[in-house]
Structures are given as structure tokens and as C-alpha cells.
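Participant: One-letter residues, chain by chain:
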Amino acid sequence: MKKIVKYVLLDILRNKILISYTLLLFAITMTMLLLGDNETKVLLSLLNIVLIVLPLVSIIFSTIYYYNSVEFIELLVCQPIRRTSILLSIYAGLTLSLLIAFAIGVGLPLLLMDHSSTAALLVMIGCLLTVIFAALAILGSVRMRDKTRGIGMAILAWFYFSLLYDGLVLFLLFQFSDYPLEKPSIVLGALNPIDLARIMLLLRLDSSAMMGYTGAVFQEFFGSAGGTLLAFGLLLLWTMVPLWAALRRFNHKDL
Amino acid sequence: MERFVSIILSLSLAFGAAARTLTVRPYSSMSSVAGAIRSALAGDTVLVYPGVYYEKGLIVDKPILLKGVSHPVLDGEHRYEVVTIKSNGVTMEGFVIRHSGYSGWNDLAGIRLTAVKHVVIRNNELDDTFFGLYCQNSDSCVLSNNILHSRADSSAQPGNGIHCWHCTAMQILNNTITRHRDGIYFEFVTGSLIRGNKSFYNVRYGLHFMFSHNDRYMANIFDHNEAGVSVMFSHGVDMQDNLFADNQGGGAYGILLKEITDSRVTGSRFQHNTVAIYMEGTTRVRIEKNTFRDNGWAIRIQASCSADTICRNDFFGNTFDVATNGSLVLNNFDRNYWDKYEGYDLNRDGYGDVPYHPVSLYAMVAEKNPAAMLLYHSFMVDLLDRTEKVAPGVTPADLVDHFPAMKPGIINSNP
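Residue numbers (our numbering), protein chains in the order written: chain A, 1 to 255; chain B, 1 to 415.
For reference, chain A alone in the conformation it holds in the complex (with noise of 0.2 Å):
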């Protein structure tokens, strides 16, 4: 298992794309922190970048991998090697390797230049979308055959949780509004993990304006030790969900 990880790690950090990737994000990251002139300013856009194109990157990324990976896994599954641990190794490079992409590009710099609990928060927040999209990325893969149908499906899922779920939110909080939406709206969060990441971040950045009446039922569950065990492990669970059923789905798959 060690060996196929380090494979796919040493493969995937010699890409060019990933290498670029981490370029983008170095170069972006290290623009704001010296031309922004306020801290919580700074970490506001990056959470920007956080919540949109880190979800974007490793969603496609992951699904694009594994696609071009078809045959190598085949060639895997006719060795002596239990079907589970190919997935979960392949799935264990790819995360690694854009964990790292992600480390050098923000972590670094913020590490560099901004010591703040919050920014400490950003990047494992970061890190915890990372791990959460490719393993969608890979329970898509695993489920569609086809390459094209695939990719569709990752773009889709981007697309949902970054856009359609807000807008399905706002409807929701828009025709039910004579009612009081303040614990139904702690729920709706937690069900999208983008929302969740970003929410617990604004509590931490935006704290006057988040502590209007929402704000302050946002605060009271998502401030307290209890609140942020639960976000974080909310956020873990929408790892271990989609990276079980799509080892149920591969154990069982007709190759």
C-alpha cells in the first residue's frame, strides 16, 4: 500500500498542472498579503479563493487522475492486493500531493506572514475541503464509467455546493421566513461543507456583523468548544461518507 501511494504521489507532484497550480495559489496568496493593507481584509479574499477554487481544483483534478489512472488500476487488481487498499492508497496520493500543492501555495505564506489563530483555522479549513472534494471526485469516478460523463458530474457537484445549494438556501429561507429560521438555518449550513467552512470562518473574521440576532445563535453553536468539535467533525464525516460508498461501489465493480 506505502508503495502504490508513493507512486502515485511521485507521479502526481512531477505534473505540470499541480505545479502550477501551486504557482497560482503561491503567487496569489503572497499578492494580497503584500498589497492588502488589512489583515482581516486579506484573509477575507483568500477565504474567497478557499472556497471557490480550492473545491474547483481538487474535484476536477481528482476525477481527471483517475480517468487517466483506468489502466494502471486494472493492471493493480490483477496483483495479490486487496481491492480496498488500492482505492484508499490511490485516494491517499492524490490527496497528499494536492495537500502539499495547497500547503506551499497559501500555507506557507500565511504561515510566513500572518501568525493569527484565524489564519491557522484557514488553512486547515483548506485542507479539509481538499480532502473532501477528491473524495467525491474519486466516489463519482468510481460510479460512471465514461470519462466525459464523469467529468460532468465533478463540474456538476462544484457547481452545486458552491452556487445552486446557496440559492436553493436563500429560496427556502425566503418562503419560510414568517416561521424562525435560526436553528433550521444552523441544519442547512451544516449540510453543504462549503458553508460550513465558511461560516465558521466568518465567525471568527466578521464577528460584528455576524452577531446580529443569526449571528449571535451562529456564535452561541459554532463558538463553543462543542459547536466547533461537531462543524469539524461534520466536515470529516463528509470525507469518510462519500470514501466509504465509493469503496462499497469498487469492492463489488465489474472492471
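Hints are not guaranteed to be accurate.
[Unchecked claim] Residues from chain A that keep clear of chain B, each with C-beta distances beyond 12 Å, as calculated:
| # | residue |
| --- | --- |
| 1 | 69 |
| 2 | 76 |
| 3 | 99 |
| 4 | 170 |
| 5 | 176 |
| 6 | 249 |
| 7 | 251 |
| 8 | 253 |
[Unchecked claim] The following label-pair restraints were derived from C-beta to C-beta distances:
| # | chain 1 | residue 1 | chain 2 | residue 2 | range |
| --- | --- | --- | --- | --- | --- |
| 9 | B | 339 | A | 245 | 44 to 54 Å |
| 10 | A | 40 | B | 49 | 52 to 62 Å |
| 11 | A | 163 | B | 398 | 23 to 33 Å |
| 12 | B | 349 | A | 236 | 51 to 61 Å |
Everything labelled a hint here was simulated from the structure, so no lab data went into it. For each residue, glycine too, the CB sits at the ideal point set by N, CA and C.
Mind docking chain B on chain A? Use the hints.
Facilitator: Coordinates of chain B only, in the frame set by chain A:
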């Protein structure tokens, strides 16, 4: 000015006439403050030396100078009103006043002024009192450099720090007030000055102001109060150079202005408040040369406000600069500096050539549906805001700054 002269005159007259000094010491022939006051004549000085005095409700009914040397303690044993001043021209200074009674029936105070004139209360420390300084029907009194501290954390509900009711020409200067219900409470108080006070961590308002006309408050600091500062049902209130900071929570405002007319808010700083200024039913209020920094909402102005002028203010890093609840706008928003402004200034007169609409679409959405704050800063909301900026449809078209300043105002440029 007239007040000052009259105070000084009355004091000097008093000293000139009698100039007797009575001293109070524990374990001496004169060991009770009340006893000393009984034998004092108008104009005498009563010097109180260090010790703890249990006076069971001290009443000052003669114009004397009551002076504590090295902070003697007057203790109310949690049962009595500690000091009641019933005479004009009393000066009281240098005492520690503690443990007044708590009552749901009487407003027991640390020091009460009842229907008096020209009383000076200065350099006292009030600790664990129900109400701190309680003034009723009084005129031309000076309350300065006192430190008031209630114990809002104890089980009993605290009263107000400095409570003035039906007073005129009061001067409240350089006091520090914490953990009371309202730091400073004004009801039916006219022509008074509140300057240089610090009011923080009070359980309700830092300053509570009702039916009090033609007053000024300036250079005060109000922070971390549960509900900020509230100014209601008054006209001619002049608010200058105050600092309103960190008043955060569901119902907390830097200033709540309700039914205010012909008043001014100038040179003040608003930082880290949930809502810096909330305006409801105000008329002819000028909000000028203030700095709004890192607030949730800088100004929430209800459609019931009219003929207000909001000009030459600086807005930095607020989540929402202006929010309103309707499309009717009868107020002027010209010549402010907005850090979110993206226009240009071709003729270089210092004001942008493109008008600025400070109300964002999402401010309107959040005003209608507070739960929608859930989606704030998401990709979709940013997109919506951008679209609205290009083609305004929902936001009130009349709420506009025709001459947005390109640079922050000179006065407030230093943070």
C-alpha cells in the same frame, strides 16, 4: 459660566463667614459623621479621617464642605441609603461609599441629591451601591471624578450609575462607571453637560437619555455595554467627540437614536459595534465628521427618518455601510468617504464623478430576513451584489452619495 461664578461665590462667602473645621475620627470624642454635621453650622468644614463609619443613612442638611482624608469609608450595611444631601451648596469629596441597600421599592442610592442647587460631589468612590449618584429635581450640581462600581454579577439587579431625574444645568465630568444597569441615566434633564466620562460593562445602556433637551455630551467613552447608548425623545442634543466601541449583540447599538430632532453627532468614533448608529423617527439630525470602523452595520436608518444629513463621515471596513427598511429616502448622504467606492475623479476636485449607492443588495435582504446572514460572503451572494451594483433594482435609488469623497476626511484620517 454663570453657574461657576455662583458656585465660587457661594463657597467663598461660606468660608469667609465661619471657617470652623470639625474633625471626625474613629474612637475619639467625635466619632460619628452625623454628629459632626449636627453640631456644624453653615459654611463649616467637616474633615473625616480614615475609618469605617456606619451612619445608618447619613443626612446632610446644611451647606458644608464634607471632606474625606485618605478615603474614609461610609458603609450602608446593605440596608440604608448611604448619604442623602438635602441642602444647597454642599461639597462632598474623598469618600469611599459602599454597600448601600438594595430594594425593589425604593431607589436606594450611594449619594442622593434631593431638590438642591450648587452641590459638588467629587473624587468619591462608590462600590457595591444599588443606584450610584441619584439626583432629583436638582439644579446646577457638579458630579466629577467619581468612580462608580456596582456588582452586576451578584444576584441582585443593579440600579443606574448616575441617575438624573428632572434636573437642569448639571455637569457630569470625568466619572468612571461600570457594572450598573445604565451607566448614566437622564430623564427630563435639560441644559446639562456630560464630559469625559467612561462608561463600560454596564448591563443595559452606557448612557440612557430620555425627554432631555438641549444637552451636550462630549469626549465620553462608551464600550462593552450590553445595549450601547440610547438617546430617545429629545431635541437639541449635541454629541461630540465620543467613542463608541465594542457594543455587540442582538440588540446592541453604538447609539440608538429614536424620535430625536435638531441634534448633532460629530467627531465621534464608532468601532466594532454590531450596529454603530440606529436611527428611527429622527428629524434634522446632522451626522458629521465621524469615523465608522469595522462595525457590522455602520448606519441603520429607518424610512421614518427625514431631513437628516449624513456628511463628511469616513467609513472603513464595515460589513454593511448603510441599511434601510424601505424605498423612501428623505435624507442627504453626500460627501462621505466610503472605502468600498470604486469610482474615479477626472476633474480632480476630490470627489468621485460617479455617485455611490452605499446600500448593498444583501443589506436589504438581511434587513427583511435576518436568517439570510447564513449565506453572507458566499459566492452566490457576492455575485448578486455585483449584479445589483451594475443595475440597481431592489436597493433604494434615492439613497445615494452624489459626491463621494476620494480620500478620508482630514480630521479623521488618523485611526
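Participant: Please go over all the hints and tell whether each is borne out by the structure.
Facilitator: Checked hints:
No beta-carbon of chain B is positioned within 12 Å of the beta-carbon of residue 69(A); the least distance is around 31 Å. Every CB of chain B is more than 12 Å from the CB of residue 76(A) (nearest about 38 Å), matching its label as outside the interface. Even its closest Cβ contact with chain B, about 23 Å, leaves residue 99(A) beyond 12 Å, as expected for a residue assigned away from the interface. A cut-off of 12 Å between C-beta atoms contradicts the statement that residue 170(A) is not in contact with chain B; the least separation is 6 Å.
Interface exclusion of residue 176(A) from chain B breaks down, the closest Cβ pair being 9 Å apart, not more than 12 Å. Distance check on residue 249(A): its Cβ is at least 30 Å (rounded) from any Cβ of chain B, clearing the 12 Å threshold; non-interface status holds. Every C-beta of chain B lies more than 12 Å from that of residue 251(A), the closest at about 36 Å, which supports listing it as non-interface. No beta-carbon of chain B is positioned within 12 Å of the beta-carbon of residue 253(A); the least distance is around 34 Å.
In this structure the hint that residue 339(B) and residue 245(A) lie 44 to 54 Å apart at CB holds, the actual value being about 47 Å. As the Cβ distance of residue 40(A) to residue 49(B) is approximately 55 Å, the hint placing it in 52 to 62 Å holds. Here the CB-CB span from residue 163(A) to residue 398(B) is close to 32 Å, well matched to the stated 23 to 33 Å. Range check, residue 349(B) to residue 236(A): about 57 Å between beta-carbon atoms, so the 51 to 61 Å window is met.
The structure is inconsistent with the numbered hints 4, 5, although it conforms to all the rest.
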